[in-house]
Each structure stands twice: as C-alpha cells, then as structure tokens.
Amino acid sequence: MLENYFPILVLAIVAIVLAIVLMTLSRILGPFRPNATKLNPYESGMDPVGEARDRYSISFYLVAMEFIVFDLEVVFIYPWAVRYLDLGFGTFIAMMIFIIMLFVGLLYTLKKGTLDWELNNYRG
Amino acid sequence: MLEIDWFLAVSAVMFTIGIIGVLIRRNAIVIFMCVELMLNAVNLSLVSFASYHGNIDGQILVFFALAVAAAEAVVGLAIIIAIYRNNLSVDVSKINLLRW
Amino acid sequence: MDYLGDIQAFLPGVITALAGLIVIVIESLKKDSSATFWVTVLSLVAALFFSIQSLGTGLDTAFSGMLVHGGAVAFGNVIIVVATLFCVFISEDYLKGINHYYGETYALILFATTGMMCLAGSNDLITLFIGLETMSICLYVMAGLIKDEKSGAEAALKYFLLGAFSTGFLLYGMALIYGATGTTNISAIGAAASTDLLFLAGAALLLVGFLFKVSAVPFHMWTPDVYQGTPTTLTAYFATASKAATFVALIMVLSRALPVMEGLNWQMVFSVIAILTMVFGNIIALVQDNLKRMLAYSSIAHAGYALVGLAAGTPEGYSAVLFYMFAYTIMNIGAFGVIAYYERNKGMDFSEVQNLAGLGFKKPVMGIALSIFLFSLAGIPPLVGFAGKYYVFAAAINAEMVTLAVIGVLASAASVYYYLRVMVYLYFREEHKPVELFNPTLLYKGTIIILAILTLYYGIEPILPASGLMELLNSYGNLGAVTNVLIP
Numbered sequence: 001m002l003e004n005y006f007p008i009l010v011l012a013i014v015a016i017v018l019a020i021v022l023m024t025l026s027r028i029l030g031p032f033r034p035n036a037t038k039l040n041p042y043e044s045g046m047d048p049v050g051e052a053r054d055r056y057s058i059s060f061y062l063v064a065m066e067f068i069v070f071d072l073e074v075v076f077i078y079p080w081a082v083r084y085l086d087l088g089f090g091t092f093i094a095m096m097i098f099i100i101m102l103f104v105g106l107l108y109t110l111k112k113g114t115l116d117w118e119l120n121n122y123r124g
Numbered sequence: 001m002l003e004i005d006w007f008l009a010v011s012a013v014m015f016t017i018g019i020i021g022v023l024i025r026r027n028a029i030v031i032f033m034c035v036e037l038m039l040n041a042v043n044l045s046l047v048s049f050a051s052y053h054g055n056i057d058g059q060i061l062v063f064f065a066l067a068v069a070a071a072e073a074v075v076g077l078a079i080i081i082a083i084y085r086n087n088l089s090v091d092v093s094k095i096n097l098l099r100w
Numbered sequence: 001m002d003y004l005g006d007i008q009a010f011l012p013g014v015i016t017a018l019a020g021l022i023v024i025v026i027e028s029l030k031k032d033s034s035a036t037f038w039v040t041v042l043s044l045v046a047a048l049f050f051s052i053q054s055l056g057t058g059l060d061t062a063f064s065g066m067l068v069h070g071g072a073v074a075f076g077n078v079i080i081v082v083a084t085l086f087c088v089f090i091s092e093d094y095l096k097g098i099n100h101y102y103g104e105t106y107a108l109i110l111f112a113t114t115g116m117m118c119l120a121g122s123n124d125l126i127t128l129f130i131g132l133e134t135m136s137i138c139l140y141v142m143a144g145l146i147k148d149e150k151s152g153a154e155a156a157l158k159y160f161l162l163g164a165f166s167t168g169f170l171l172y173g174m175a176l177i178y179g180a181t182g183t184t185n186i187s188a189i190g191a192a193a194s195t196d197l198l199f200l201a202g203a204a205l206l207l208v209g210f211l212f213k214v215s216a217v218p219f220h221m222w223t224p225d226v227y228q229g230t231p232t233t234l235t236a237y238f239a240t241a242s243k244a245a246t247f248v249a250l251i252m253v254l255s256r257a258l259p260v261m262e263g264l265n266w267q268m269v270f271s272v273i274a275i276l277t278m279v280f281g282n283i284i285a286l287v288q289d290n291l292k293r294m295l296a297y298s299s300i301a302h303a304g305y306a307l308v309g310l311a312a313g314t315p316e317g318y319s320a321v322l323f324y325m326f327a328y329t330i331m332n333i334g335a336f337g338v339i340a341y342y343e344r345n346k347g348m349d350f351s352e353v354q355n356l357a358g359l360g361f362k363k364p365v366m367g368i369a370l371s372i373f374l375f376s377l378a379g380i381p382p383l384v385g386f387a388g389k390y391y392v393f394a395a396a397i398n399a400e401m402v403t404l405a406v407i408g409v410l411a412s413a414a415s416v417y418y419y420l421r422v423m424v425y426l427y428f429r430e431e432h433k434p435v436e437l438f439n440p441t442l443l444y445k446g447t448i449i450i451l452a453i454l455t456l457y458y459g460i461e462p463i464l465p466a467s468g469l470m471e472l473l474n475s476y477g478n479l480g481a482v483t484n485v486l487i488p
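Protein chains in written order, with this note's numbering: chain A, 1 to 124; chain B, 1 to 100; chain C, 1 to 488.
No lab work stands behind these hints: they were computed from the structure. Among the hints, a few may not be true.
[As the list claims (entries may be wrong)] In silico contact screen, one side only, chain B against chain C (beta carbon under 7 Å); selected entries:
hint, residue
1, Val22
2, Val35
3, Ser45
4, Phe64
5, Val68
6, Ile83
7, Asn86
8, Ile95
[Said to hold, decoys possible] From chain A, some residues computed to sit far from chain B (all C-beta separations above 10 Å):
hint, residue
9, Pro7
10, Leu25
11, Phe32
12, Thr37
13, Tyr42
14, Val49
15, Leu85
16, Met95
Yeah, the Cβ is synthetic: ideal placement off N, Cα and C, and Gly gets one too.
I would like the entire structure built from these sequences, with the hints used as guidance.
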C-alpha cells in the first residue's frame with residue numbers, strides 16, 4: 001500500500017526544505033547589495049537579448065505539428081522491432097506498408113511546401 | 001504496489017476536470033486541451049486495467065489512442081488557426097453565426 | 001497467419017485506402033489533376049464490386065478476430081460505398097462550381113470510407129476506435145473545406161470540439177468495459193457481460209459516443225450547424241455514409257456485446273431516445289427556412305426512425321435498420337444533390353426555401369427529382385422511404401412496442417408538412433425575380449436521375465420482402481447476431 005511510497009515523500013520533503021534553508025542562509029549570512037547588473041537574468045555572461053516572451057515564426061508550429069504525427073508512429077514500430085524475430089517475415093511486409101504510408105504523407109507535406117522554412121513555395 | 005483503485009480515482013478525477021473544463025471555458029484552445037486531458041485520463045485507466053488483468057490489450061488501445069490524439073491535435077489546431085484568421089478570436093462565445 | 005485471406009476479407013477497404021494513397025501522391029506531384037477523380041471513381045467501383053460479391057456470405061472473422069466480414073457487414077459496406085460513389089459524382093461539379101475543388105478532398109473521402117468500413121466491420125474495441133476516428137478526423141477536415149468563410153470554419157470547429165469531446169466518452173466507455181471484462185474482443189465481451197456497475201457505466205458511455213455520431217437527441221446539437229456550414233454535397237456524405245457505418249457498428253455491438261440480461265434493458269433506453277429523437281427532430285424541422293438546416297433536422301428525425309428498429313432488438317429489427325439506412329442513403333443524397341444544384345445558381349441564396357419560389361417548372365427534371373426525394377423522405381408510398389419506415393415500425397410492433405411505433409407514425413405524419421412546404425414553394429408560388437438556372441453537367445444530372453429511379457424502384461420492389469424477411473436472417477445463440485442479409 002501507500003507506505004511503500006514513504007521514501008519518495010521523505011525525499012520530496014528533504015529537497016524542498018534544503019532549497020528553502022540554503023536560500024534563506026545565503027540571504028542572511030551573505031552581504032546583499034543589489035545593482036542593475038546583478039539583478040539581470042544570467043545568460044552565460046552575455047548581455048540579455050530581448051524579452052523572455054518572444055513570438056515565434058509560424059514555421060515552428062507547422063514543423064512541430066508534423067513532428068508530433070510522425071513522432072508518434074514510432075510507438076507502433078518499437079514493439080514490432082523488439083519482437084521481430086518471433087513474429088516472422090509477414091510482419092516485415094506489414095511494417096513496410098505502414099512506413100510507405102508514412103512516406104506518402106511526408107512526400108505530400110514536402111511537395112506542399114510546409115517544411116520549407118521561409119514558406120516561399122507554400123501552396124496553401 | 002498501489003491498488004488499482006487509486007489509479008482509477010486519479011483517472012476519474014482527471015476526466016471530470018476535463019469535462020468541466022470543456023463545459024465552462026470559452027477559449028477554443030483551452031477547450032481542446034481539456035479534451036486532450038480527458039483522453040489522457042482514459043489512457044491512465046486503460047493501462048491500470050491492463051496491469052490489473054495481466055493482459056496487454058489495454059496497453060495496445062493506449063497506443064492507438066495516443067496516435068489518434070496526435071492526429072486530432074494537428075487537425076484541431078489547424079481548424080483553430082482557420083477560425084482565428086476569420087474572427088481574430090478563439091472565444092467560442094463569439095462564434096455564433098450558425099444557430100437554430 | 002493468413003495475410004492474403006485477411007486482405008481478401010477486407011478487400012473493399014484495402015482498395016479505397018490504396019486509392020487514397022495514390023490520390024495523395026498524384027496530388028502532390030501535380031496539383032488539381034483530373035486523374036484524382038478517376039482514380040477515386042475506379043477504386044469505388046471496384047470496392048462496390050467486391051462488396052456486392054461478398055453479400056450473402058456468412059459472418060466470419062479476419063485479422064486474428066479484429067474484423068468481421070460478410071453478413072450484415074457486407075450489406076453495410078455496400079451502403080457505404082454506394083453513398084460514397086454518388087457523393088463523389090455530384091461533388092466534382094459542385095466543388096468546382098463553388099471554387100473549392102481540391103484533389104485532397106478525394107483522398108479524405110477515400111480514407112473516411114476506409115474508416116467507415118473498418119468501423120462497420122469491427123470485432124474489437126481497438127478496430128472500432130480506429131475506424132471511428134479515421135472516419136471522424138477526415139470528416140472534421142471536410143467540414144472546414146470552405147475555411148475562408150466564417151460559416152465553414154465555424155462548422156469545422158463545432159464539429160471538431162464536440163466530436164473530440166464525444167470521443168473522450170467513447171474511449172472512457174471502452175476502458176471501463178475492458179476493465180469489467182478483461183478483453184477488448186466484442187464477442188468475448190458479450191460472453192463476459194454482467195450487470196456489474198463498471199460494465200453498465202462503460203456500456204452507457206460507449207453508447208453515448210455512438211449516439212453522438214448518429215446525432216440522436218440529446219446529442220444532436222452539432223448536426224444542424226455542421227450540415228449548414230459544410231459544402232452541400234459533402235453534407236450528403238456526412239448524413240448518409242457516416243451514419244450508415246455508425247448504425248451498422250451499433251447493430252454489431254448491440255447484438256453481440258450487450259446481451260439482454262436481467263436488470264439490463266437496453267431496449268427501454270433506445271425506445272426513449274428514439275421517441276425523443278423523432279419528436280424533437282421533426283418539430284424543430286417544421287420551423288426551418290434554410291433547406292440545409294431543414295434536412296439536418298430531418299436527418300436527426302430519420303436517425304430516430306432507425307433507432308426504433310434498434311429498440312425492437314430483434315433480428316427483424318436489425319435488418320429493418322439496415323434496409324432503412326440503404327433507403328435513407330439513396331433518397332437523402334438525391335435531396336442534397338438537387339439542393340446543391342439550386343444553391344450554385346447565382347443571384348440569390350437558394351438554400352433559403354422562399355427563394356425557390358416558382359423554380360420547379362424551369363428545370364423540370366430537377367424539380368421532379370426533388371419532389372420524388374422529398375416524398376420519399378416523408379414516407380409516402382410507393383417510394384423507398386415508405387418501405388423503410390414500414391419495416392422499422394413493423395419490427396417494433398412485432399416486438400410488442402406498439403406505443404413506440406404509434407409515436408413514430410405520428411411524428412412521420414407531422415414531417416409531411418415541412419417536406420411538402422418545399423414543393424409548394426417550388427410549384428405554387430410566383431418567382432421573386434427572373435433567374436437563369438444553368439445547365440448541370442451530364443454526370444450530375446445522370447446521378448440525380450439514377451438516384452430518383454432507385455428511389456422508385458426499391459420502393460416498389462424492396463430488397464427484403466416482408467414475408468421472407470425472417471427466412472433471410474440467421475441468428476445464432478442468444479446474441480442474436482445478424483449474419484445474413486441477402487438481395488434476391
């Protein structure tokens with residue numbers, strides 16, 4: 001029952017308490033003299049560029065949407081690949097048919113121009 | 001191990017949150033996210049039932065539910081973009097051209 | 001595994017899926033080529049041929065028990081492919097006319113058809129879910145075909161959000177049924193069915209998902225909006241093919257997975273929903289001025305008549321539903337086809353009934369065809385709509401559900417008003433202003449005429465003669481599955 005999960009609860013509590021204690025200690029013990037440079041977000045030593053909330057090009061979303069679809073098809077390929085030796089050659093052909101179908105989708109999206117970053121050839 | 005009841009309870013709560021979200025929110029994207037929440041709540045139920053029964057039928061159904069949810073997400077976002085271009089809003093209470 | 005045998009069993013679906021892929025390849029290599037139309041038509045003709053060939057064979061399983069073929073499923077496939085074929089015929093001209101002709105539409109139609117056949121022939125919750133979603137996702141896209149107009153995008157959004165919402169219920173129902181029985185196979189679920197609360201809740205949620213797709217009251221809210229915003233010929237596809245597929249799947253699930261047990265009376269539930277659907281659909285249709293909305297509410301009412309057959313719960317009732325879907329498919333595609341023809345004429349919004357005034361005599365063929373389809377939808381003999389209603393109500397009476405049948409007949413009588421109203425405008429009102437009606441293409445006209453002839457023919461000589469109805473049906477065990485529907 002739930003007591004098996006007790007160590008996880010302990011771990012979570014320790015992590016939270018430790019973070020709070022360390023931050024409080026550093027504020028109490030160390031000198032606190034803020035200036036504009038110190039309060040800047042840390043960007044690996046470079047000057048911060050732009051706002052945190054930026055508008056992305058629509059191309060990101062198009063590619064992301066296509067990525068989601070193709071990415072999830074792997075879910076069907078993994079179990080087949082793991083068990084291939086037991087399943088036999090017939091499933092190889094079945095999987096090739098599946099991959100050809102995906103390829104047709106890829107061909108369509110390529111020709112449609114949605115993977116073209118500048119969307120120059122986009123034929124919506 | 002936890003008993004299956006806990007997983008089912010979490011799943012039911014998530015599903016209910018999804019339904020309530022669909023019913024009371026007015027932003028099309030948020031409604032859509034709530035629908036996805038409902039589907040994922042069901043996935044949790046399915047895997048816990050699969051583990052309870054000791055067969056993998058439920059897990060296979062989860063695979064297909066995931067793939068379908070992804071396809072639905074793509075189509076849904078495209079439709080929401082089309083609505084936005086027409087209305088400059090994704091507020092479903094302003095989408096009222098067709099009624100009765 | 002017997003791969004070739006499996007493919008043979010699902011051949012119509014395989015053909016349409018393959019044709020869909022070919023259409024996508026053609027479309028991506030050469031935009032708006034006329035080849036897409038012909039590939040679609042050829043594949044559908046081939047699919048029709050193989051579906052008709054498998055008529056009369058017994059129900060059998062394929063793909064390790066994931067799908068069933070033959071029997072009622074074969075008849076369902078015939079309805080689906082016939083509906084798709086006629087819709088493709090009228091869509092070509094119409095979509096070109098409204099400047100929304102895309103080759104992709106054919107790919108979507110073909111994939112949706114594959115999904116419908118998978119749905120109709122599903123013997124497992126997994127194939128049921130895949131078939132339903134393949135169909136639905138394609139339909140969501142088609143609803144938004146006119147995406148640059150507000151009504152089109154709005155129809156797509158409403159259909160999508162509510163459809164996805166109902167998918168959630170359907171899937172939750174599947175999960176609970178799986179939890180209660182430990183299997184996803186529909187026959188095995190029927191064997192393991194119990195009056196366990198988990199199973200009952202799962203079955204109820206599953207049925208909610210189904211009733212949403214067939215637009216039964218109270219899950220019908222999306223129907224009029226979607227039917228109005230979608231291009232008219234594709235609306236015909238939505239209203240006929242997808243509904244027929246869902247009803248076949250509903251028959252298969254009801255007859256095999258949800259057996260009648262003590263304290264588990266689905267007949268009662270379906271009676272109530274059928275009454276609500278018939279009464280509500282017909283009453284709201286009375287006040288509609290827009291023809292597409294009128295036909296949408298009429299399609300809700302027709303779903304109600306079909307539900308009467310399901311409520312009867314006998315093999316007779318199930319086969320009556322199958323015949324009803326066939327009848328409904330022919331006459332409804334015809335009605336939508338003629339309305340699509342009027343709608344395309346410039347000058348007025350011809351989907352408003354008032355604007356049809358006096359147009360009946362100008363193009364007599366179209367006027368007569370529309371009259372035939374509307375009379376048939378109203379259920380006036382000797383048209384196919386009457387035969388369909390007759391079988392459904394007869395099945396209800398034989399199952400001792402007289403009240404249900406009486407309410408159905410009364411609702412049907414009320415529906416005559418709004419169908420005849422269209423004809424009054426067509427023939428007995430003066431034209432508002434002179435309009436030139438253009439000449440439809442030969443294919444378009446031919447399709448409408450063939451549909452009108454079929455409406456007459458099957459009305460006079462129905463597929464299932466009432467006397468021989470029971471002989472044509474085999475039921476096995478207490479699951480009462482429909483295994484054979486024959487065409488003499």
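Hints versus structure:
Taken as an interface hint, B:Val22 checks out: its beta carbon lies about 6 Å from the nearest beta carbon of chain C, inside 7 Å. Given hint, B:Val35 at the interface with chain C, holds; its Cβ is 4 Å from that chain's nearest Cβ, closer than 7 Å. Using the Cβ-Cβ criterion of 7 Å, the hint placing B:Ser45 at the interface with chain C is satisfied: the shortest such distance is roughly 4 Å. Look at B:Phe64: its Cβ gets to within about 6 Å of chain C, closer than 7 Å, so that hint holds up.
This hint holds: B:Val68 has a C-beta 4 Å from the nearest C-beta of chain C, less than the 7 Å allowed. For B:Ile83, the shortest C-beta to C-beta distance to chain C is roughly 5 Å, which falls under 7 Å, so the interface hint holds. This hint holds: B:Asn86 has a C-beta 5 Å from the nearest C-beta of chain C, less than the 7 Å allowed. Taken as an interface hint, B:Ile95 checks out: its beta carbon lies about 5 Å from the nearest beta carbon of chain C, inside 7 Å.
The claim that A:Pro7 is not at the interface with chain B holds, since no C-beta of that chain comes within 10 Å of its own (minimum 14 Å). Annotated as non-interface, A:Leu25 keeps its C-beta farther than 10 Å from every C-beta of chain B; the closest such distance is 37 Å. No beta-carbon of chain B is positioned within 10 Å of the beta-carbon of A:Phe32; the least distance is around 41 Å. Remark: the non-interface label on A:Thr37 is consistent with the geometry, its nearest Cβ contact in chain B lying 39 Å away (cut-off 10 Å).
Non-interface call for A:Tyr42 relative to chain B: holds, since the shortest CB-CB distance, roughly 32 Å, exceeds 10 Å. With a cut of 10 Å on Cβ distances, A:Val49 stays outside the contact zone with chain B, its closest approach being about 28 Å. Distance check for A:Leu85 against chain B: the nearest CB is about 19 Å away, which clears 10 Å, and the non-interface claim stands. Non-interface status of A:Met95 relative to chain B is upheld: no Cβ of that chain comes within 10 Å, the nearest being about 14 Å off.
When the structure is compared with the earlier hints, no violation turns up for any of them.
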